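Protein sequence lines correspond, in order, to chains A and B.
When you line the first sequence up against the working numbering, it's residues 95 to 430, in that order.
When you line the second sequence up against the working numbering, it's residues 18 to 306, in that order.
Hints listed in this document are in silico derivations from the structure and should not be mistaken for laboratory results.
Owing to the predicted nature of the structure, the values given are computational and were not obtained by experimental measurement.
From the three backbone atoms N, C-alpha and C, an ideal C-beta is built for every residue, glycine too.
Incorrect hints may have been included.
[To be verified] Restraint-style ranges between C-beta atoms, simulated for each label pair:
(1) A:Ile220 <-> B:Asn68: 47 to 55 Å
(2) B:Ile20 <-> A:Ala308: 47 to 55 Å
(3) B:Met193 <-> A:Ile314: 33 to 41 Å
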Amino acid sequence: MEMMRKERIDRGIKVRTEGIYAISSYREILYLMGPRLLLIVGVLVLPLFLELVPYWKRVINIMFVYSLLALAFDFLANYVGLVCLGGAFFVGVGGYLSAVFNVYLHLPVYLSIPLATIFGAVFCTITVLPCMPLRGVYFAIVTLMYPLLATRVIEALNILGGTNGITGVDSFPHEYAEQYVIIIVMLLFLFGMRRFVNQDIGLVIRGVKDNDQAVRASGISVTYMKSLAVFIASFMCCFGGAYIAHLYMWAGLSLFALDFSIIPIASVVIGGGGTLVGAAIGSFILVPLSEFLRFFGTFRIVIYCAALTAFIVLKSEGLMVYLQRKYHQFERWVRV
Amino acid sequence: MEIIIYGVINSITLALISLGFTLVYSISRLPNFAHGALYITTGYITWLLVNKLEGFPFPFVIFISIAITCIIGASIYRFILIRIRGMEISEIIATYAIGLAILEGLRWGGLRGMTFTLPTFSSGTVNIFGTNIDHQRLIVVGIGICTFILLYLFTHFNKIGLALRGIAQDERAAMMLGIDSDTTAIISLAIGSGLAGLAAVVILPLGNIIVEAGYNVLIFAIAVCVIGGLGSWAGTILASFIIGFAQILTEVFLSSHYQMVVALLAIIVTLLIKPSGIFGKQKELEERV
């Protein structure tokens, strides 16, 4: 019997665009820029299209927040090796801080969000600091408890509005400001992170994941690198939380809810871990889907988890890696 | 006196809860985040059987529901985890997702409110040193101690148990001696789920079957395991006594809101002072730091 196997070869245009020839013709430039432009322009134009269906505007805002969270999870899990099951903690800290700044200290929106982001990230990094020596399972276990702990502490001490939360947070001055703030921040972080992981410091951070003993042997503090990574990730999440607090004009215990931990993980797995863009794409798929499934109530989480498990087991590379492969390579059958 | 008695009961409850988690992790290095979900599932199955199959005696129903949980645990490994074994991140996410799916599925399926209770084995109280204690709590203590002894005998004087310990100590050497890693992992998950089920059947009659209990069980199991040193049995029992007494003391002197806080603070303090847990000497450098 004749044996055949599938062979994958890089497209010619991919090989050409890797070198200086990238700028030799419009076709090559388009090949390089096309997917990026498609994403950027598509995302920027989206709110204009949604003038037709105003209800979905809210969904879109939340979708971008989730893509920010997914980006943070992807960065932590696949570049630093810290699986953080408690992303909701970062969101909650950001949200509560910005509500405190806005309601108790009467700062305007354009001050409270950045301040909450920065102080929130510092606060999160300090609270996660004791767990820094941990890795793998241990880190996942401990971070899983952080949001629950925060909920219990707020309930028990009855601070920050207790179970009612902090109400009366200012909303954004204009509808378009509300939408484009999150879109632009998301795009900045997306492309910024893609650059960051290839910088020198990014390479060291990736070294922490692959072999932290080697990093330590090189005289670099592993704990410092990990806390830097957690700072960056919690920075993104705190921004998301602060944004949500202003979007809903309310900061409450639901900011620590399970959704903020599980949906980003699901979107990273579906989009393709380690690609960063995949995380964003995954949440572009999952969050509208969750809106359609609103009818089912908590059954949504079951559907997510089933999809998550199926993707991990059957298609662990994720959508984005698959698409990238199709874009850069072609396949053909060859005789063995 | 009351503090000591309830402290002991609470400690043994915690140990019973976390035994299954430790067992699975120590043998096959799988963090079974579905542990709490299996606990609640057993409670729910028992409830179903008690209310639907009224003719059968209660011990038989318990046996059936624990057996079903064992099968669920084994099939989770056989059909899902076996494909992603060794990929740490995927293992964590997959078991967590399965656990969530089960718990939220049960919640959606109507497991809410106060209607779901299991019958106690024997109702009534005894008076020990001036403190009234339900029979059920004494049964929990008795079954807990029996389980420890049986597990010790099983892992030291039984061929399968010895094989499990072999895999736990050195997987490659054990495989060279003809012990199949996947089979032992299936067995360990089955036993671990069975232990979760056993804990559910004896502990749940003290309260209601609610979904939140699943999350709490998972968290306490993890807390106990981290403090005792993951994978160490003596550590698990000692740590459950530490947390158990700490919880009772906070409940008496502060308020019950702080129970979870105590567990987490204990974890953080342990991690700061001795990152590998009380008894976790093995592979300290490799795994944690």
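Quick rundown of the hints versus the structure:
{"no.": "1", "hint": "A:Ile220 <-> B:Asn68: 47 to 55 Å", "result": "51 Å, holds"}
{"no.": "2", "hint": "B:Ile20 <-> A:Ala308: 47 to 55 Å", "result": "50 Å, holds"}
{"no.": "3", "hint": "B:Met193 <-> A:Ile314: 33 to 41 Å", "result": "38 Å, holds"}
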